[in-house]
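> Below are the chains, spelled out letter by letter.
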Amino acid sequence: MNPRYAALVALVALAAVVVVVAATGGDTADPDAVAGAAQTSVSLSGPTDRVEPDESPASTEPQAPITSPDLPDLGVHPELREISGWLHSDVTSLEELRGRVVAVQFWTFGCRNCKNTLPHMRQLYADYNDQGLEIVGVHAPEFSYEAEVDNIVDAAQDLGVTWPIALDPGKRTFHHWQEGSRAFWPRIYLLDRDGHIRYDHIGEGRYDEIDAAVQALLAEPA
Amino acid sequence: MFGAFAEAVRATAQPCSFLLVVPITLIVLTTGARRCVTAAAVVGAVAGGWLLTANWFVLDGVWLRLSAVCAMGALATITWASHERFSEGAADGPIFAWAVAALAVISTMWWRPCVGHELGAILTNSQSGLAHQLPGMTAYMFGTMVPVVATALVVEVVAPSARQRLWIGSSAGALGIVVSGALALGHHHLLVRSLTLWTSG
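Heads up: the sequence lines are chains A and B, in that order. Start counting the first sequence at 540; every next residue gets the next number (our numbering). Start counting the second sequence at 51; every next residue gets the next number (our numbering).
Among these hints, one or two may not hold up.
To be verified - Output of the computed footprint for chain B on chain A, the stretches with three or more beta carbons under 8 angstroms from beta carbons of chain B:
1. 550–559
2. 732–742
Stated by the list, open to error - Here are some chain A residues the structure puts well away from chain B; computed CB gaps all over 12 angstroms:
3. P611
4. V630
5. L633
6. R651
7. Y667
8. S683
9. V688
10. D693
Don't read these hints as lab results, they were simulated from the structure. In this text, all values refer to a predicted model and were calculated from it rather than measured experimentally. Glycine residues also receive a C-beta, built at the ideal position from the N, C-alpha and C atoms.
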């Protein structure tokens, strides 16, 4: 076959693949994308009082029994380093939150993927805050304009972030918590009532799994 | 695996992928978009994706600038060599393929990926078992290379004349030098921010 025709056929095939990807929305579940080798499946009722359900990423996911992940003890959480200040809180350390389940999320307001998680975080906060969950958003800026406190305050208001925010302008905590060379936004850690890390997830998604993990940690005795 | 591929294809339209896709596309165009260099670019990108999954290395600070200077030199050399081999139509052969693969690996180190559902799952799970995540990461990186492969195929379909090919290669090489030069001068964040603001308002 003439190489040009071969390239044309390949190009058309590639275009078809892209159309299929666009048509499916790319939401096909990857069976490998499930945390942990051994998992415990439990049926848990989903939150009934969703915040802004139209924006909730969880609401777009297929309805299926919620899977509770294994929650291994990953050790006591690292310390917060060089936090320059806190917003929406009188708390100044994670130690003050002992006795509560804490979701520590690394984020920055300019990060698209972080913003995509916020509807779920709002829902989580609304559903479980009065049951013993606290969220601490560690704001670690990628760019200089994201380090300006006024911009963070404005963004938090615009984005509906009402939970405590720890300011990490030098990203010292961001890099201290995330081992290895690369560190990611967003990333969520769940701490049990004793301050041990029990769950860790990079990126968007797994909202049902995070809900189930929070419920399981809240159900654990203090 | 299809989910990872699909997420990567969608991510190529987002600015966080530009510092991966654009340099590699320019590199491939500089070398004439021949099949062997396109394949080398894809292989290099996959290798870079594996390094990302392994959390092995990141180019930042002085290393990022140094790598950008090296990339500038390599691109200038490739552009010059392509010009010298004008009569043959394009830069080809194993040396160019290796150079392109190496530049593709470097480009993945410049990249600050969008961590969506699938990539997030891959990176999270790679902490407890790297090997099982490499197929997914390979699929993801193939997805990010769709625009690169498409560009190379378009060039092959259009079959530009030797003169046009030289113009395309020189322009792409010059643009690639500008991009890597900006990185070498420490404007990585500025580039990413500009791309972000430009595309998302």
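> Next step is simple, just say for each hint if it's right about the structure.
Hint-by-hint comparison with the structure:
Counting residues of the segment 550–559 of chain A whose beta carbon lies closer than 8 angstroms to any beta carbon of chain B gives 5, which reaches the threshold of three, so the coverage claim holds. Three residues within the 8 angstroms Cβ limit are the bar, and the segment 732–742 of chain A against chain B gives 4, so the coverage statement holds. Not every Cβ of chain B is farther than 12 angstroms from the Cβ of P611(A); the closest lies at roughly 9 angstroms, contradicting the non-interface assignment. Distance check for V630(A) against chain B: the nearest CB is about 27 angstroms away, which clears 12 angstroms, and the non-interface claim stands.
Here L633(A) stays apart from chain B, with its beta-carbon at least about 22 angstroms from theirs, past the 12 angstroms limit. In this structure R651(A) is not separated from chain B by more than 12 angstroms, as the shortest Cβ-Cβ distance comes to only about 6 angstroms. With a closest Cβ-Cβ approach of about 22 angstroms to chain B, Y667(A) is found to remain outside the 12 angstroms limit, as its non-interface label requires. Residue-level check failed: S683(A) sits 8 angstroms from the nearest beta carbon of chain B, not beyond 12 angstroms.
The claim that V688(A) is not at the interface with chain B holds, since no C-beta of that chain comes within 12 angstroms of its own (minimum 19 angstroms). With a cut of 12 angstroms on Cβ distances, D693(A) stays outside the contact zone with chain B, its closest approach being about 16 angstroms.
Violated hints, listed in ascending order, are 3, 6, 8; each of the other numbered hints is respected by the structure.
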